[in-house]
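**Student:** If you read the protein sequences in the order shown, they are chains A and B.
When we follow my numbering, the leftmost residue of the first sequence carries the number 1, and every step to the right adds one.
When we follow my numbering, the leftmost residue of the second sequence carries the number 1, and every step to the right adds one.
These aren't lab readings, by the way, just hints derived from the structure by calculation.
Just so you know, not all the hints are guaranteed correct.
Keeping only pairs whose Cα atoms sit at most 27 Å apart, straight-line, the calculated BS3-like set for lysine-lysine is [what the hints assert, rightly or not]:
1) K101/A x K57/B
2) K106/A x K68/B
3) K100/A x K76/B
4) K33/B x K76/B
5) K57/B x K19/B
6) K68/A x K33/B
Just so we're clear, the structure is a prediction, and the values are computed from it rather than from any experiment.
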Amino acid sequence: MISLPTKLDAAVKWVTCTHCERPTEVAVRAMSVFCPHCKKRLILEDFKINSYYAVREFSTCGDVVVEKKGHVVAPIKAGSLTVMGKVQGRVTACGQVRIKKSGWFKGELEAPCLLVECGAVLDGFVRIGPSARPN
Amino acid sequence: MADSSNEFPTTLGADAVFKGQLQFEKGVKLLGKFDGEISSEGQLVVADGATLTGDVKAGSVRVDGQVKGNLHATSKVQLSASARLEGDVQTQRLEVAEGAVLVGRCVVGVNGQSRPTTDVRSVSRPAETIPTAKSRLSEPAPAAIKK
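With the hints as constraints, model all of the structure from the sequences given.
**Tutor:** Pasting the structure below:
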């Protein structure tokens, strides 16, 4: 007997809006949505950066991976961040921030969890903890 | 205060309050309240429930309790889930467990100093906007990971 997926069984996940910081339910396969609270566009994609990338704003609810050859100069808001290259700027993450042994980070960091591997470089103001989630 | 354990020959009991400067060569375990400066080449452990107020210079530091002050460790600093640290950290390796609280400036790296920034390009390029659907089709926007 095959049971048809109900509305409750749809693949959804909860993300935190990078603009208003409110939880929002989105489809797992969605790439972007409009936040029902602040009506602003919310990017849900994961990004992998392996070159020089300097922007005024870089926001996503997904995971950001800065590869070894990547160099990001931007304020970053992400679900989680993994740094294997270079990152300069203010980082606000809803999940874990990992700085691998080849990683280099300079700037401010706000995240609930941080891991800095042996050999990595981290220089800046850090605010880690459950209450460090962006308000 | 002496502990029979070789790892931590010095222990500050849970009911003890210490004010002043403490210097030691081997490990020290803090179970009570400490207010002052600590300097050592060994390991310092701030146990769960312990409170340390002041600056610390040690070989390695493990925090399970509460610390208000600057930490300078030559090897590593570990913060467990129950740790709460308010102050600057300078070390070669940093581990912050999920649930720990850390607020302060961190300098983690080779000899606790940042790498030279001579290879960092200046931010003089024209600012770009967030990659839109159109710009994603053209380089050099970062590659999105397909799920």
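**Student:** All the hints need checking, so say for each whether the structure fits it.
**Tutor:** Hint by hint, here is what the structure shows:
no.	hint	result
1	K101/A x K57/B	24 Å, holds
2	K106/A x K68/B	23 Å, holds
3	K100/A x K76/B	15 Å, holds
4	K33/B x K76/B	23 Å, holds
5	K57/B x K19/B	16 Å, holds
6	K68/A x K33/B	44 Å, violated
Figure legend: structure checked against the earlier numbered hints; the only hint not met is number 6.
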